[in-house]
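Participant: Protein sequences, first through last, are from chains A, B and C. FYI, in numbering that gives the first Met the number 0 the residues of the first sequence are 0 to 320. FYI, in numbering that gives the first Met the number 0 the residues of the second sequence are 0 to 199. FYI, in numbering that gives the first Met the number 0 the residues of the third sequence are 0 to 206.
Treat the hints with care, since some could be wrong.
What the hints assert, rightly or not - Here are the simulated PhoX-like cross-link-like pairs (lysine-lysine), alpha carbons at most 20 angstroms apart as the crow flies:
no. : chain 1 : residue 1 : chain 2 : residue 2
1   : B       : 84        : A       : 274
2   : A       : 316       : C       : 125
3   : A       : 50        : A       : 269
4   : B       : 29        : C       : 60
5   : C       : 25        : A       : 269
6   : A       : 151       : A       : 116
7   : A       : 317       : A       : 51
8   : B       : 84        : A       : 279
9   : A       : 317       : A       : 10
10  : A       : 249       : A       : 269
11  : A       : 274       : A       : 317
12  : A       : 116       : A       : 317
13  : C       : 125       : A       : 317
14  : A       : 151       : A       : 169
15  : C       : 25        : A       : 172
16  : A       : 10        : C       : 101
17  : A       : 151       : C       : 157
18  : A       : 10        : A       : 319
19  : A       : 10        : A       : 249
20  : C       : 101       : A       : 116
21  : A       : 116       : A       : 274
22  : C       : 1         : B       : 29
23  : A       : 172       : A       : 59
24  : A       : 59        : A       : 151
25  : B       : 84        : C       : 1
26  : A       : 316       : A       : 51
27  : A       : 265       : C       : 157
If you are wondering where the hints come from, they were derived from the structure by calculation, not from laboratory data.
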Amino acid sequence: MAEQKMNFFDKMQALDRRYIYLVVALAIILPLVIPFNSRTYVTEPSENIYKKIDSFTGRKDRAVLMCFSHDASTMAELFPMEVAILRHCFQRNIQVFTICFIPAAKPLMDYALQTAKEDYTVQSGVDYVNFGYKPWGIFLPIVLGMGDDVAKAVETDDEGRIVSNLEIMKEIKNYNEMNLVIDFAASAAVYIWIEYARARFGANVAAGVTAVMAADNFPYLQTGQLIGMLAGLKGAAEYEKLVDVFATHKEMVNGVETVVPREFSKEVIKDSWIKLSDIKNPVYKTARIGMNAQTVAHIMIIVFIAVGNIGYFVNRKKNKN
Amino acid sequence: MSFEAISNFVAAFFTLSIFSFLYKDNPFYKFAEAMFVGVTMGYAIPLVYYNTFIPFVYRPIFIEHNFIILIPALMGSLYIFRFSKNLSWLSRYPIVFGMAIIGMGVPLSMHAYVLVQMRIAMMPIDNINTFIIFVGTITILLYFFFSKAHKGVYGKITNIGIWYMMVGFGASFGYTVMARISLLIGRIQFLMGDWLHLMK
Amino acid sequence: MKRQIPLLIVIILGFIFAIHTFVPHKASADFYDWYQTWIKALSPFMVLLGIMSLFMVNTAKIQRKIPGWQYSVITLLSLIVTGAVGFIWGTQEGTPFMWLFKNVQMPMGATMFSLLAFYIASAAYKAFRARSIEATVLLVAAIIVMLGQVPIGMAISKWIPETSSWILNVPNLAAKRGIGLGVGLGMTATSLKILLGIERTYLGGGD
Chain A
0 MAEQKMNFFD KMQALDRRYI YLVVALAIIL PLVIPFNSRT YVTEPSENIY KKIDSFTGRK
60 DRAVLMCFSH DASTMAELFP MEVAILRHCF QRNIQVFTIC FIPAAKPLMD YALQTAKEDY
120 TVQSGVDYVN FGYKPWGIFL PIVLGMGDDV AKAVETDDEG RIVSNLEIMK EIKNYNEMNL
180 VIDFAASAAV YIWIEYARAR FGANVAAGVT AVMAADNFPY LQTGQLIGML AGLKGAAEYE
240 KLVDVFATHK EMVNGVETVV PREFSKEVIK DSWIKLSDIK NPVYKTARIG MNAQTVAHIM
300 IIVFIAVGNI GYFVNRKKNK N
Chain B
0 MSFEAISNFV AAFFTLSIFS FLYKDNPFYK FAEAMFVGVT MGYAIPLVYY NTFIPFVYRP
60 IFIEHNFIIL IPALMGSLYI FRFSKNLSWL SRYPIVFGMA IIGMGVPLSM HAYVLVQMRI
120 AMMPIDNINT FIIFVGTITI LLYFFFSKAH KGVYGKITNI GIWYMMVGFG ASFGYTVMAR
180 ISLLIGRIQF LMGDWLHLMK
Chain C
0 MKRQIPLLIV IILGFIFAIH TFVPHKASAD FYDWYQTWIK ALSPFMVLLG IMSLFMVNTA
60 KIQRKIPGWQ YSVITLLSLI VTGAVGFIWG TQEGTPFMWL FKNVQMPMGA TMFSLLAFYI
120 ASAAYKAFRA RSIEATVLLV AAIIVMLGQV PIGMAISKWI PETSSWILNV PNLAAKRGIG
180 LGVGLGMTAT SLKILLGIER TYLGGGD
């Protein structure tokens with residue numbers, strides 16, 4: 000009997016990896032096809048980005064710069080946060096710039112702008128500007144140049160217009176006005192902003208990073224070198240929720256559902272509960288839907304670790320005997 | 000079949016071609032991989048032309064007649080000699096011109112990664128967490144000091160550093176699992192939602 | 000001389016940049032303006048290196064008929080077609096160029112990395128073993144962080160996200176700071192070595 004048990008564990012240890020792949024696929028497909036509501040709690044680094052951006056509401060002498068430093072490989076994590084931040088800016092009349100330094104990020108940047116502005120009447124050059132793609136080799140010179148003059152550093156936007164002539168630039172000179180830089184990265188690009196823009200000009204820097212990099216950034220959050228961070232799909236889900244709860248908050252006004260933005264409040268976000276099925280546009284809830292599958296997948300990984308270890312310890316005991 | 004459906008079908012075909020590698024290496028995967036490399040690089044050529052050559056080289060020289068820009072433009076073209084046996088030394092000029100900005104990196108990296116971090120590590124210890132952080136930082140720094148053998152009391156202290164690092168690596172691993180799963184979720188969302196319309 | 004002159008350029012310009020960091024004088028600002036204009040004019044040519052390298056590797060494979068050379072033909076054809084489409088119809092949203100990106104490059108790029116989810120799950124099952132106390136600490140920290148990130152962690156107990164947050168903000172922070180200080184010193188030292196002409200590998204081989 001004991002020998003049979005050992006055989007079972009031996010077999011478990013030598014299980015063909017393709018069965019494992021099948022379980023992984025099912026663990027992700029099922030929660031996506033059979034949706035359920037789950038509660039995303041919001042962390043402080045995400046709140047800090049929201050509060051900082053929201054403080055620019057309606058101001059012509061403030062702007063946010065979004066730097067897209069990733070390609071399609073990490074789009075699943077970073078794209079929803081980019082769309083959520085752009086929505087926040089468009090909804091609250093916050094001036095926003097976009098730029099990228101790798102070719103493969105350029106269409107993602109266009110796609111994010113295209114997606115976010117669908118529900119808003121915003122005008123390029125007035126409400127936002129896409130600075131477009133600039134080669135990686137001039138990343139550093141542009142980061143440093145922006146400390147003196149943003150328009151001079153980037154020269155032209157994506158449409159070939161001279162940036163200094165654009166209406167949006169009237170009250171924007173350097174990092175004093177372009178008061179927040181958010182780098183969306185799957186690489187160390189965010190550290191260039193910390194090392195050069197923050198250290199030399201005191202620019203406020205925030206990061207939207209893939210979860211792989213998130214744990215490394217906590218020392219920079221503590222020092223304030225990063226004012227906030229969105230970490231992976233969860234960070235994106237948190238920001239989606241913040242935008243829904245505050246920036247696009249809906250109330251019944253004269254019997255009509257109207258968007259009535261409200262100020263950030265820790266108490267409100269703590270108790271807020273938004274039913275995903277109430278959100279009509281699927282793009283606005285991509286990350287939160289993904290978090291359902293993420294939950295199941297995490298449990299699956301923990302079970303894998305547990306089962307693998309049980310097999311390992313049983314075998315070890317057998318070998319000792 | 001609408002244009003969008005055809006587009007989604009093409010995207011799904013390439014997605015599944017890459018996924019087919021999970022079963023084993025096969026011609027579909029190799030085809031997709033080869034195409035991926037070509038499209039990615041091909042994509043960069045017109046982008047660089049429109050977004051950098053036109054505004055930074057063509058416009059200053061041919062429209063604004065700022066002929067001094069011919070010098071950096073010619074220097075940039077020396078990159079092509081990188082693969083020449085006899086003339087590869089010419090490509091060093093554009094490389095070093097870009098490299099020179101590293102001069103700023105010396106004081107700024109010292110400031111950003113060392114001084115600011117050290118300053119906060121030296122703040123008064125006012126609660127248990129700041130004490131734990133302080134102990135961790137010191138013991139890890141001691142662990143990486145290899146001029147003294149990690150034995151006896153010193154070895155025990157550096158062992159504490161190892162424990163901290165294990166917690167740190169564990170946190171990174173937890174986050175890495177999350178990241179990798181998220182990427183797969185993105186693709187399954189595309190296949191199940193945009194392509195097959197199975198998501199509500 | 001083929002190495003010395005480039006090295007001298009790095010050293011002289013590098014020191015000027017180091018001074019520029021601390022000196023807000025007009026001459027310093029003018030120097031930076033000049034550098035900015037020149038480096039931008041130089042930048043489009045950087046991409047030539049990548050394209051040339053890809054061409055050379057793949058044409059060599061085709062010429063020598065190395066097994067799988069047919070895939071090199073596909074790579075080169077895709078490169079030429081994508082480039083041509085970009086020049087003919089432009090690179091803006093709504094062009095065939097963007098269609099190619101959205102439906103060919105983007106899905107493949109995203110899927111390539113998503114394969115890692117399968118591999119990490121397989122590794123979790125087959126390789127992550129609590130062989131020692133240190134490895135157990137790593138696994139426990141990982142499991143708490145994993146649970147703390149997803150809604151079910153909160154549903155099980157509010158202590159899970161709180162413990163996860165504590166791990167990230169306290170011991171993880173200390174670990175990353177300790178390691179980061181070493182990396183920071185290493186980066187500064189490397190920059191200094193380049194600046195002083197000690198580190199020269201970026202110049203490539205030859206005279």
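Participant: Hint by hint, note whether the structure agrees.
Facilitator: Here is how each hint holds up against the structure:
1. B:84 x A:274: 65 angstroms, violated
2. A:316 x C:125: 18 angstroms, holds
3. A:50 x A:269: 15 angstroms, holds
4. B:29 x C:60: Roughly 15 angstroms separates the two Cα atoms, so the pair holds.
5. C:25 x A:269: Since the Cα atoms of residue 25 of chain C and residue 269 of chain A sit roughly 52 angstroms apart, the hinted pair is violated (cutoff 20 angstroms).
6. A:151 x A:116: This hinted pair is violated, its Cα atoms lying about 27 angstroms apart.
7. A:317 x A:51: 59 angstroms, violated
8. B:84 x A:279: The hint is violated at about 61 angstroms.
9. A:317 x A:10: 14 angstroms, holds
10. A:249 x A:269: At roughly 18 angstroms apart (the allowed maximum being 20 angstroms), residue 269 of chain A and residue 249 of chain A satisfy the hint.
11. A:274 x A:317: Violated - the C-alpha atoms of residue 317 of chain A and residue 274 of chain A are around 51 angstroms apart, more than 20 angstroms.
12. A:116 x A:317: Roughly 63 angstroms separates the two Cα atoms, so the pair is violated.
13. C:125 x A:317: 18 angstroms, holds
14. A:151 x A:169: 13 angstroms, holds
15. C:25 x A:172: 18 angstroms, holds
16. A:10 x C:101: Violated: residue 10 of chain A and residue 101 of chain C sit about 43 angstroms apart, past 20 angstroms.
17. A:151 x C:157: Violated - the C-alpha atoms of residue 157 of chain C and residue 151 of chain A are around 50 angstroms apart, more than 20 angstroms.
18. A:10 x A:319: 19 angstroms, holds
19. A:10 x A:249: 56 angstroms, violated
20. C:101 x A:116: 18 angstroms, holds
21. A:116 x A:274: Distance ~23 angstroms between residue 116 of chain A and residue 274 of chain A Cα, so the pair is violated.
22. C:1 x B:29: At roughly 42 angstroms apart (the allowed maximum being 20 angstroms), residue 29 of chain B and residue 1 of chain C break the hint.
23. A:172 x A:59: 11 angstroms, holds
24. A:59 x A:151: 19 angstroms, holds
25. B:84 x C:1: The given pair, whose Cα atoms are some 13 angstroms apart, holds under the 20 angstroms limit.
26. A:316 x A:51: 56 angstroms, violated
27. A:265 x C:157: It holds: about 17 angstroms lies between the C-alpha atoms, which stays within 20 angstroms.
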